[in-house]
Amino acid sequence: MDLQSSLQVVLPEIILAVAGVAMLMIAAFVGDKASRLVSIVGVSVLTAVAIITAFQMTGDTLGREAFGGQIRADAFAGFAKILAIVAAIVTLVVSPAFFERVAKMRAEFPILIVFAVLGMSIMVSARDLISFYVGLELNSLAAYVMASFLRDDDRSTEAGVKYFVLGGLASGILLFGMSLLYGFSGGTSYEAVRLAGMDGGSIGYVFGLTFVLVGLAFKISAVPFHMWTPDVYEGAPTPTTGFFATAPKVAAVAVLARITVEAFGSQLTAWQPIVITAALLSILWGALGAIGQTNIKRLLAYSSINNIGFLLIGLATGTLAGVSAMLVYLAIYVAMVAGSFVAVMMLKDADGMPVEDIDAIKGLSKTRPMIALALMMLMFSLAGIPPLFGFWGKFVVFQAAVQADLIILAAIGIAASVIGAYYYIKIVKLMYFDEPADVITGKSETSYGVVLAICALVISPLGYLLTIPLGDWADRAAAALTAFV
Amino acid sequence: MDGFPILSLMLLVPLVAAIACLLVDAKLARMIALVATLIDLALGVVLWLNFDIGGAQWQFTERQELFAGFSYALGIDGIALVLIALSVFLMPICILASWESITTRVGEYMAAFLIMELLMIGVFCAQDLFLFYIFFEAGLIPMYLIIGVWGGANRIYASYKFFLYTLLGSVLMLIAMLWMVNVAGTTDIPTLMQYDFAADAQTWLWLAFFASFAVKMPMWPVHTWLPDAHVQAPTAGSVILAGVLLKMGGYGFIRFSLPMFPDASAQFAMLIYVLSVIAVIATSLIALVQQDMKKLIAYSSVAHMAIVTVGLFAFNPQGLEGAMILMLSHGLVSGALFLCVGVIYDRLHTREIDRYGGLSINMPYYAVFFLLFTMASIGLPGTSGFVGEFLSLAGIWQVSAWVTAAATTGIILGAGYMLYLYRRVAFGTQRNEDAAAMPDLNAREWIMLAPIATAVLWMGVYPESFLAPMRQDIAALDARLERVTPDYDSNATAGEGRPAANAMPHVEAGEAH
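Chains as they are written, first to last, in the working numbering: chain G, 1 to 485; chain X, 1001 to 1513.
If you're looking for bench data, these hints aren't it; they were derived computationally from the structure.
A hint or two may mislead.
Unchecked claim - Below, computed lysine-lysine pairings styled on DSS-like, alpha-carbon distance capped at 25 Å:
#, chain 1, residue 1, chain 2, residue 2
1, G, K162, G, K33
2, X, K1027, G, K366
3, G, K33, G, K104
4, G, K366, G, K443
5, X, K1027, G, K426
6, G, K426, G, K348
To be verified - Residues from chain G that face chain X, not an exhaustive set, calculated with beta carbons under 7 Å:
#, residue
7, W228
8, L409
9, A410
10, P436
The beta-carbon is built from N, C-alpha and C at its ideal position, and this holds for glycine as well.
Sequences and hints are given; from them, build the entire structure.
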């Protein structure tokens, strides 16, 4: 429990913090000329941190505690961290080309990403409400700036302000819930909260629990707390949107799982209805809301709301298998969403300006066959059609739900997924059945193509080769989480 | 043949060919597709010849454990064998049918068809529940593209309808499958076929599977996707749709619903009868007034498949055998009828019945083939349609005379709309000059139609060839259904017992002559 061992446990976070400050110094003294260099440094640091985390994970599933139990680097935290880092690396790889096109590349962008990842890695390994909140806010502050990164663009600034105001509201609700929990359990550690809930919990405790869940529902954009999502996703620069849809979602979903299982594990009957309601509403609203959209980024925003619903079905089971299924889904979700956003970034008009109008992709299969093929695979995968890998995510989640006897939930959820399939196949229809609109003529960088190809490969039937290692890691992670209950 | 993975090879050939088709130009893609489907046909013949009739129930089994309880388990019984034979038989014909009519994106088109072939064979030989589901569901993607990219004017609406209807049906089945595996603890289909689920659970499971198979079949009132999809699909797409895809619904009933949920099947038998009888009468009447040839044949498909469901739920060997033969027969006959439509559509580019007339004058060979398939569709003795319809109705007669009477009207109406169609297209005066100038069948079209005509006559004259591999499996299924057989207003005398399963073929072989 001495300081040295604590520092060893948080080594990844220390590296991220030091590297972030160092990158800031480079940026401050060299200026925006260094933005490529800073990006490269960022990718290397994140890769290094991912490797260290992977080594930490191979040891004891439960990992080690630091700072008197505030932080625990267990297999669950490791899983979430690696996933978030992978998503961040994808953003770093594709963002310079995007911002350079509009002459807005600044060295701060990679730095913000590194700090956001630092925040996430604190929040997923926190086992105390305070350290969790610190991580969450660090992540959010970086995200607000990233949303309004195109300072001269009205939509981008609007997105940033909207995100900031609503994010602040959510944080307030979260903090209010935390203060109630502290008041009714006498401690801020998850352990204390769990023990206080053992005897059924008082009414104030349940209020606190509800407020915390509402605050987190804002962060993961679960219905009915999703309304900021389409606006922010549409307005923010596309690399930022892609980042928002992946890394912070991973972290927030992981935190939600950790809090519900570790802190509220004894209160299943209190939070299960909330999670089930949010899950079904998210699936339905995410599917229905997407139908009328004409902006492809808004559409992907609704798609991510829809996917959150499926993730929550895994969580709603409250079982080890359910959490493990949710993590598997999360990993596949990251590959699908990252791929979709990279594909969207590759849609450029003759001047190289990004195109977001959904009608512009008409006939893409004739003008850009490879992008169209990849996007088609991603869409069918998001719709959960076998043999694409997205099916596996839905499969494990619904399997867990059926095993936990939530058959009605599973049946309604999967029937609602058919509504979602409508707009996924609509994109395929636009690309394959319609005549070319000849809008998308601009060339894209090789880096985009490489990332898209990797994502497409992961979600192709070849992805099933990953099921065994992925399942193992997810099981270990889930076991770490449920070990204390 | 022991240990040689012939089923895997049959899956691998179209997969490799599909990938190759994506990479080469149009001419080569056509050739690759044809060669690959012919190889699969040859393998199918080898499979049939090596199938040990009366031997083990499951033959050519392969098993490889995969992840998370999944296993790559293949194997066929007689029922699967004949359906696989049907698929590999129709595939080269489909490729030939698209030889000239498909000119855009030929490589992708051929690849989509080859993937379809892979998935169809996979559905019939999968022995793992989830492997079956993957094959069953994955067919949506190529079929969606085939209808949407190469279809007719209203193709987008048809492709949406096809995709969403069938998806909704099958996702509910997935939940039921998950529950079954959770309870029974195995994904092995042969084991599940012997597993007795609790009676009240069977009701729900049966309904979930019904949701999927009824859409695929298609049964009234969820048949509406079929006419749209058929009319808009290219000729070969229609052939595959009618020939094999619809059989997946019937296969699902005979492989899953009946053996796995016998109590629920008996409980819902009346529902099936009512829906089927409505389908037979309603869709036959609708077919009578169609102006579009493909739509007419599509509605006739719904009517024929309704007789299949009646036969399946007769719970006796005649009904089951009749349903199977009728499925095979319908696969050949409606496929051939769609090809016949395709032949004249390629020449005149319209499916409007009134635009033709008197074709027997300028296209005599065509008229002969068309007549043969029309008669087979009506169920004339000597053709495959008779054997299937007669056996199915003989089966249901033992359960309910009223249902039999109502279902039989379908055959009368069927004769009505098919003969009416034939008269308007082939007989009468040559009303339209352009139709009168159409040339008769060319060599390619001969090669397409002649084998089907042979098969139709063979099945009509000597159905034993096709019944023999299935007999043992149908007897096993009948034994499982023994205790639940419903008896509504049957005229069969109690105590006499049923005719033995193997007594039937001689009877109908005699009548067929």
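To see whether the hints hold, each was checked on the structure:
1. K162(G) <-> K33(G): 31 Å, violated
2. K1027(X) <-> K366(G): Between K1027(X) and K366(G) the Cα gap is close to 19 Å, so the pair holds against 25 Å.
3. K33(G) <-> K104(G): Holds, at roughly 12 Å.
4. K366(G) <-> K443(G): 15 Å, holds
5. K1027(X) <-> K426(G): 31 Å, violated
6. K426(G) <-> K348(G): It holds: about 20 Å lies between the C-alpha atoms, which stays within 25 Å.
7. W228: With a closest approach of 30 Å, the W228(G) hint is violated.
8. L409: Violated: closest Cβ of chain X sits about 10 Å from L409(G), beyond 7 Å.
9. A410: 5 Å, holds
10. P436: 13 Å, violated
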